[in-house]
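Undergrad: For reference, the chains in residue letters:
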Amino acid sequence: MSDDAADVEAAVADAHRREWALVLAATVRVTRDLDTAEDCTQEAFAAALADWRVRGVPDRPGAWLTTTARRRALNVLRSRGVEHRHLPLLVEDAAVPGPEELATDVDGAPIPDDRLRLVATCCHPALDRPAQVALTLRLVCGLSTAQVARAFLVAEATMAARITRAKKKIALARIPYRVPPAAELPERVDAVLAVVHLLFTTGHTVPAGEELVRRDLVERSVDLARMLRRLLPRDPAVAGLLALVVLTDARRETRTGPGGRLLLLEQQDRARWDRAAIAEGTTLVREALRARPPSRYALQAAIAAVHAEAPTWEDTDWTEIVALYGVLTQLWPSPVVALNRAVAVGFAAGPAAGLAELDALAGEPQLAGYGYLPAARADMLRRLGRDDEARLAYGEALLLTENTVERDFLAGRLRDLGAP
Amino acid sequence: MAQYTILIYEDENAYATASPELMDEVIQEHDAFTAAVPGLGATVLGGSALEPSGTATSVRGGEVTDGPFVETKEALGGYYLIEAPDLDTALAVAKLCPARFGGVEVRPVIAFD
Numbered sequence: 103m104s105d106d107a108a109d110v111e112a113a114v115a116d117a118h119r120r121e122w123a124l125v126l127a128a129t130v131r132v133t134r135d136l137d138t139a140e141d142c143t144q145e146a147f148a149a150a151l152a153d154w155r156v157r158g159v160p161d162r163p164g165a166w167l168t169t170t171a172r173r174r175a176l177n178v179l180r181s182r183g184v185e186h187r188h189l190p191l192l193v194e195d196a197a198v199p200g201p202e203e204l205a206t207d208v209d210g211a212p213i214p215d216d217r218l219r220l221v222a223t224c225c226h227p228a229l230d231r232p233a234q235v236a237l238t239l240r241l242v243c244g245l246s247t248a249q250v251a252r253a254f255l256v257a258e259a260t261m262a263a264r265i266t267r268a269k270k271k272i273a274l275a276r277i278p279y280r281v282p283p284a285a286e287l288p289e290r291v292d293a294v295l296a297v298v299h300l301l302f303t304t305g306h307t308v309p310a311g312e313e314l315v316r317r318d319l320v321e322r323s324v325d326l327a328r329m330l331r332r333l334l335p336r337d338p339a340v341a342g343l344l345a346l347v348v349l350t351d352a353r354r355e356t357r358t359g360p361g362g363r364l365l366l367l368e369q370q371d372r373a374r375w376d377r378a379a380i381a382e383g384t385t386l387v388r389e390a391l392r393a394r395p396p397s398r399y400a401l402q403a404a405i406a407a408v409h410a411e412a413p414t415w416e417d418t419d420w421t422e423i424v425a426l427y428g429v430l431t432q433l434w435p436s437p438v439v440a441l442n443r444a445v446a447v448g449f450a451a452g453p454a455a456g457l458a459e460l461d462a463l464a465g466e467p468q469l470a471g472y473g474y475l476p477a478a479r480a481d482m483l484r485r486l487g488r489d490d491e492a493r494l495a496y497g498e499a500l501l502l503t504e505n506t507v508e509r510d511f512l513a514g515r516l517r518d519l520g521a522p
Numbered sequence: 234m235a236q237y238t239i240l241i242y243e244d245e246n247a248y249a250t251a252s253p254e255l256m257d258e259v260i261q262e263h264d265a266f267t268a269a270v271p272g273l274g275a276t277v278l279g280g281s282a283l284e285p286s287g288t289a290t291s292v293r294g295g296e297v298t299d300g301p302f303v304e305t306k307e308a309l310g311g312y313y314l315i316e317a318p319d320l321d322t323a324l325a326v327a328k329l330c331p332a333r334f335g336g337v338e339v340r341p342v343i344a345f346d
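Order-wise, the sequence lines are chains A and B. Going by our numbering, the residue at position 87 of the first sequence is 189; the numbering climbs one at a time, nothing skipped. Going by our numbering, the residue at position 60 of the second sequence is 293; the numbering climbs one at a time, nothing skipped.
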């Protein structure tokens, strides 16, 4: 392959990642049918591979791709026979996009930025969370069904059925393809943020399997958070989520050591944290925290920012972290957040205080079977020199943890305690 | 425009033991509901309240059995047929639909043409 061909391939791959949602969303306007729009978008990317090799990569690849996909869509609609007349079409409203939402395609005609419509439709409350997640990855991120299936460790046939059912419901139940009205927007954006956050946490710590960080899911969720920030620049919850993913991801290079071994925050080489990402994240946190009440993402991001700004583990402002978790538990009561708060108490006020907080959570049904609770207890007991109890707790944590890297870490701690 | 049914599932015992005042209140709620639907951009095309599931008779393959098709704590007790432009509008109507002892299910109606 010549260098040119390689360059073109790279340009198409780059455009696929950055422009897929824009191209598909604008094409859905023409077809009013998700499947046809997907086919035409796919074909536009295939055409780019051939055309750009001959004519060079256009100045604005997104506009070229959108024009090509929309032209194909018009041809498909024109050539369609009567058998398609009864195809259920997406319901849309005739809202005119604002001037800042408009780009122009290669013919100078405006391209509507329909990405917010697309993502709002994928995350509609009438679809369950697994369907919202699958549709977002497939339609907004342009992943294939096989890729989506791999990301969630389910069989491809299962994922295909899930996506087909969700698309069918959108068409037949007439889930509208539109930006939600202002009154519903916060609730609808919240659902979108929950999906993006779930993608990020799934990628950040894969629940089961070998790798600790599934890079592609993390990257897609950061891309999605950036896209939402551009589409909703004044939404503090969006700023909070972007801050959270950027600050957490800033530590990615240091989360595992040689051989993929898990490194705790305490053991990580802070010099290798991504300083530019931390600066971006902390600016966003300040903005996000101005909302009253702040979003849960803003508070979680603020906690990540306290860690990011501490020059060493010993300098961590644990009192501030306990206080932030306190606000978080008040606004969004959750046993998992309470567990994190208890761990922070263990550093702010010592392991005995932390253990007392953890033991108060022992009866929480939501934490039964949650490996982080015995793991946290084990750590407090170890620090208190109560080795026998610590061994038992590490053993319990191992039974409840499926991620290989996390298991290795727990087994290592258990070994360090020595034989009873 | 499309048609949707709003299927009302409620605890029948609550109605069996309800006072006449409570029943009046529920009827008033349904009257207020039907009056409010046009304001949401939808139309009530029809609907009925059903006798309790204890009065039901099921037929499957010609065999007649006493009782509802499926025994559930919250039973189908009535429905509305509405016309709405999209699911969001239908859900706004459904949220307004009285069902104090249970909830409602929204199902699109197949359009044969």
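Honestly, the hints are just simulated from the structure, not real lab data. Misleading hints may appear alongside valid ones.
Said to hold, decoys possible - What follows is a set of in silico ranges between Cβ atoms, one per label pair, in the way DEER data are often shown:
1. B/R333 - A/D489: 38 to 48 Å
2. B/D244 - A/L334: 38 to 48 Å
3. A/W420 - B/E254: 57 to 67 Å
4. A/E145 - B/M234: 44 to 54 Å
5. B/G287 - A/L179: 50 to 60 Å
6. B/P301 - A/A263: 48 to 58 Å
7. A/R336 - B/P301: 31 to 41 Å
8. B/R333 - A/E368: 27 to 37 Å
9. A/A263 - B/E254: 26 to 36 Å
10. A/T266 - B/G287: 53 to 63 Å
11. B/M234 - A/R231: 25 to 35 Å
12. A/P435 - B/D257: 35 to 45 Å
13. B/K328 - A/A259: 30 to 40 Å
Unchecked claim - Some chain B residues well away from chain A (every beta-carbon gap over 10 Å; in silico):
14. E262
15. P318
16. L320
Please read these numbers as outputs of a predicted model, since none were measured by experiment. Even glycine gets a Cβ: it sits at the ideal position worked out from N, Cα and C.
Undergrad: Could you let me know if the closest chain A CB is still more than 10 Å away from the CB of B/P318?
TA: Not fine: 7 Å to the nearest Cβ puts B/P318 too close to chain A.
Undergrad: Can you tell me whether the CB distance of B/R333 to A/D489 sits inside 38 to 48 Å?
TA: violated, 57 Å
Undergrad: For the hint 48 to 58 Å, verify it against the beta carbon of B/P301 and that of A/A263.
TA: violated, 30 Å
Undergrad: Taking the CB of B/R333 and the CB of A/E368, does the distance hold inside 27 to 37 Å?
TA: violated, 54 Å
Undergrad: If I claimed the Cβ atoms of A/P435 and B/D257 lie 35 to 45 Å apart, would that claim hold in this structure?
TA: Because 39 Å falls inside the window, the suggested range holds.
Undergrad: Evaluate the given range 30 to 40 Å for the C-beta pair formed by B/K328 and A/A259.
TA: holds, 36 Å
Undergrad: Are all C-beta atoms of chain A more than 10 Å from that of B/E262?
TA: holds, 23 Å
Undergrad: Does 44 to 54 Å hold as the CB distance between A/E145 and B/M234, or does it fail?
TA: violated, 33 Å
Undergrad: Indicate whether the distance between the beta carbons of B/G287 and A/L179 respects the range 50 to 60 Å.
TA: This hint holds: roughly 54 Å between Cβ atoms.
Undergrad: Between A/T266 and B/G287, does the beta-carbon spacing fit 53 to 63 Å?
TA: violated, 40 Å
Undergrad: Could you say whether the range 57 to 67 Å given as a hint is met by the Cβ separation of A/W420 and B/E254?
TA: For B/E254 against A/W420, whose Cβ atoms are near 59 Å apart, the range 57 to 67 Å holds.
Undergrad: Between B/D244 and A/L334, does the C-beta distance stay in 38 to 48 Å?
TA: Given about 42 Å between the Cβ atoms, the range holds.
When held up to the earlier numbered hints, the structure conflicts with 1, 4, 6, 7, 8, 9, 10, 15 and 16 and fits the remainder.
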